[in-house]
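Protein chains in written order, with this note's numbering: chain A, 1 to 554; chain B, 1 to 110; chain C, 1 to 183.
No lab work stands behind these hints, which were simulated from the structure alone.
A hint or two may mislead.
As the list claims (entries may be wrong) - DEER-style ranges, computed between Cβ atoms:
1. C:Glu94 - A:Gly62: 22 to 28 Å
2. B:Glu46 - C:Gly24: 19 to 25 Å
3. C:Glu73 - A:Ala292: 57 to 63 Å
4. A:Asp425 - C:Phe22: 48 to 54 Å
Treat the numbers as computed from the prediction; the structure is a model and nothing was measured.
All C-beta atoms, glycine included, are put in the ideal place defined by N, C-alpha and C.
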Amino acid sequence: MSTLLFAAASGAYGAKIHTPHIDYLSILPILIMMGGAVLLVTASSLFRQVMGVGSATFITVGTAIATLVAALFQWDHVVTHGAKVTIAGSIAYDGFSVFIQIVVAIAMLLTALIADGYLKREGIDGPEFHVLAMLSASGAMLMGSANDLIVIFLGLEILSIALYVLAAFNHKRAESGEAALKYFVLGAFSSAVFVYGIALVYGATGSSNLPQIADYLSKNVVASNGVLLAGLALLLVGFGFKIAAVPFHMWSPDVYQGSPSPVTGLMAAIAKAGAFAALLRVFVSSFGTLRADWQPIVWGIAILSLVVGAFAALVQKDIKRMMAYSSINHAGFILLGVQAATVRGVSASLYYLFAYMFMVIGTFAVITVVARDGDSGHQLTDYRGLGKRQPLLALAFAVLLLAQAGAPFTTGFLAKFTVVAAAVDIHSYALAVIAMASAAVAAFFYLRVVVAMYSPVGAVGDLSDLDAGELDAGPISVASPANAPVSVHGQNDAVASLSVLTEGPPTSAVADRMVRVPGLTTVAIGLSVGFTIVFGIIPGPIVDFAHQATLLFT
Amino acid sequence: MIGAASALNGNISGEWYLALAAVLFAIGAFGLLIRRNVLVMFMCVELMLNAANLTFVTFANMLHDIGGQVLVFFVLVVAAAEVVVGLGIVVAIFRRRANATADDFHLMKG
Amino acid sequence: MDDYLPILILIILGFLFAALSFVGSAMLAPKKRPTAAKIAPYECGIVPTIEPPTRFPVRFYLVAMIFIIFDIEIVFLYPFAVIFRQLRSFGLVEVLVFAAVVFVSFLFLVSNGALTWGPAKQLVRAMPSRTSESTIARITAGPGGPGGYRDPSGPGPGGTRTTDPVPPITGDPAAPAGPVRAA
């Protein structure tokens, strides 16, 4: 390979090399986010003794706000000057990319606020957490602006590699390391599949640049090119892993459960935002001419995600596992917009990503504080009586869960409504019906948590009462109070939930204690709930925002 | 593929390289799914990434486009970074365990 | 549909190769299960009387990982060096930014003590000064437990006990020889 390069280089010797013009404004938010991470790691290396969690959080919040301001400035600039493609065609500077930058910057801001209290509580010192979080956020932002398959790959890897480490960050919990290893192995597998997909697409079209691919496909009739279709399928598999769509979702319950709770929130929000942004850009804009080939596949993946996500979540006892399946269900909803592949579909997906980001980070903020010391109180029983002990926290959690279920007057309702409307628009009636049915099923498991919060704390043995009544009975109610260690290597979730149960619920003495909610976490929860309700009642601005972002698509 | 690709200047045509890359990729994917040793699983990931690299270089040669070779650099660097992080995670985990077998990881089920 | 044929053939080829390898190894390999002696770290014919130190200090892995990162950056510097003159100031600025970022990671490593060779700092700090009382306390506490090495007066002003939540990374903390060697 080096000889090839040598030949090419010496062949061009003496010739003037055209260096690309770097339009710094178009990558300003990414530069700020990465610069913040580099600054923080430098500061922490030089002033290790004086840097605490607080100062690291301060720098991170400052960076996230600066990124947000830069992105808003970009938005203004794009609206007045129009979209363009810069930096040798590898970066798209349009409303779509700016929208993703804004979503990710807000996600980073909220996560920094939540992580501050978490790190102090768990006694994990060091600013590395914030550095890695900022790096992974910059990766997601890069995926949003990428206009070249290899830049998407780089963004994907910056996003994922930092998240692998973040998943392992709580070294006091064995689950954390296990989650990181599982995430790493399956993530690396999906990355390799993705790269191979890029290689095949490159071979079939002669370029890895998205507009050039689109150009090639519009000029040449390659309706049944095997290499191209194989590449397309591999790309879809790679994206499927990142957005945790069924059947590429196996990693997500374990990783969501094992990772530190603030990381899970960040993972759910930005990995989905980045991967869906790239997925939309690649499939809707570049491979739009091959729509007939990929639409049925996405249709199938969407249905599987909707159904498996909703039903598997029903039998979970661990709230983080439940949220993992719920996020799979949400991925199915967002895929509805992708499948539509219309302007309406894309804008619905963008709106969903924005609304989901607030809901999921707020939810994980509450999960973080309820888990108490050691980040271990994730059973449904830990939420019993929360409504009585801390009514405000319980109310915030209830609002966030109901919003995820799609209750009216929240952003969640509108998000679900717009993607279903986009599906109906292109006559995917079956998909729309299944989506609505899965939303109804999903409402059960969200309501189960809400009911648990507002029911009194019972004795240790009465776990089964909670679910046996009106909600899903199923395998949970068979749980006997027998505390014999059940070492089942369960394949299905029913067995898994049983084995979780038999580990013994927390004693009511622990469950009765109030949980401490740090000030910054309160701010984050407040922002999430506020956004979810305010823009649920006044939906106009954000819907217009998402719609305009789509119109400024290059 | 056979119809689309032009013959290389050398003795061996490009299709063979592509076939080799596909076989390497399949071995890597297969090995990742069936092997239980985490370090061997890392090697399988490397094999898959290098199969992609071989595909890139072959297509770059077929298309007479230097771009494909440049992409290999990025994949190489990412592969190195990935394996370093993976080894770091493994080292962090196996401070408390004796061996590197994926079957030991069943704290979480479902 | 003809275009799918090569893909199908490739897939079949891949599976065939993997399957043949398995069948071949199952048929050709000697039918002996690995015994405990075979999977021992050093198969030298002598049954080990003490447990061999199967864990290398993590430090070595760390150095290997650092090497990989600093080794792979050459991939970008080498092409840059080849066309350094044609790139003019643009290339210089880009490569300086790249080098600065790599240097920051180096700074981080140095500050974390990843390149500090010799006994780990925490262990040295954790070692109490040896007095006749501490020796008596150590002997009465018996061998084996790390508690025998603690200063009986508890953590002193000099930070005799490390506050770092990470266990000391060199050696086995339970082995009596570890901290003594570090001194």
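Status of the hints after comparison with the structure:
no.	hint	in the structure
1	C:Glu94 - A:Gly62: 22 to 28 Å	holds (27 Å)
2	B:Glu46 - C:Gly24: 19 to 25 Å	holds (23 Å)
3	C:Glu73 - A:Ala292: 57 to 63 Å	violated (44 Å)
4	A:Asp425 - C:Phe22: 48 to 54 Å	holds (50 Å)
Of the hints listed earlier, the one the structure fails to meet is number 3.
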